[in-house]
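Could you put the whole structure together from the sequences, leaning on the hints where they help?
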Amino acid sequence: MSYSNVVLIGPPGSGKTSVGQLLAQRSNRRFFDTDRVIEERHGCSVSEIFARHGEPHFRQLESNILDEISRDEWRDVVLGTGGGIIVTPGNMEKLEKLGLVVCLFAPPSCLLKRLETDRTRPLLASGDEGSKEKRLNDLIAARESKYRMARYIIETANLAPEEVAAEIEKLLVISDDTTTRAEAV
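Quick note on my numbering: the sequence shown kicks off at 1 and runs consecutively.
Source of the hints: derived by calculation from the structure; they are not laboratory data.
Please note: incorrect hints may appear among the correct ones.
Listed next, with one range per pair, are the computed distances between beta-carbon atoms [said to hold, decoys possible]:
hint	residue 1	residue 2	range
1	172	54	36 to 42 Å
2	162	107	17 to 23 Å
3	36	97	20 to 26 Å
4	157	52	18 to 24 Å
5	131	174	26 to 32 Å
Here are the simulated lysine to any residue pairs, SDA-like style, with alpha carbons at most 25 Å apart [as the list claims (entries may be wrong)]:
hint	residue 1	residue 2
6	94	59
7	94	56
8	132	18
9	132	147
10	94	171
11	94	27
12	170	74
13	134	112
14	132	36
15	146	107
16	94	132
17	132	158
18	170	148
19	113	97
20	97	3
Here a beta-carbon is modelled for each residue, glycine too, at the ideal position from N, C-alpha and C.
This is the structure in structure tokens:
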């Protein structure tokens, strides 16, 4: 099967945005980040949406974006998703219908290092390093079974974004209906 779209899932800090932008450039696709689309439409940050309306409201906004993409039949897109988009029932199935789903993953210690100066992550923005590490470990544990549903999983800890984008390009070439879910790297 030839995939028009690539969908990137994974925990916060795994590289979905940086890899997604590079992959889009390299493969002549458009890049969209679900968090940025929501922020643009609502005129405030994801953190503000969480604070004002709560996580369930934000998760519904994510689902609405996926419904819109499916309805409008977006093509030739790399879609970077929020780390928790997969927790909403039905969203993983929606993502699989949109395109090749690739999970970018890295150990929590690597993710924390990448996120140490990022204050925009509502579920990780406050607290000391110990509490952030515990929250991140808890998030990953709660979401891991969904992340593992991706067609491919790429370990990003020791790869530059350019290398990850190149790996995904290879996966686009070899992917077909007979390919099983497996770790790519």
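### Message
Check the structure against each numbered hint from earlier and tell me which ones fail, lowest number first.
### Response
4, 5, 16, 19
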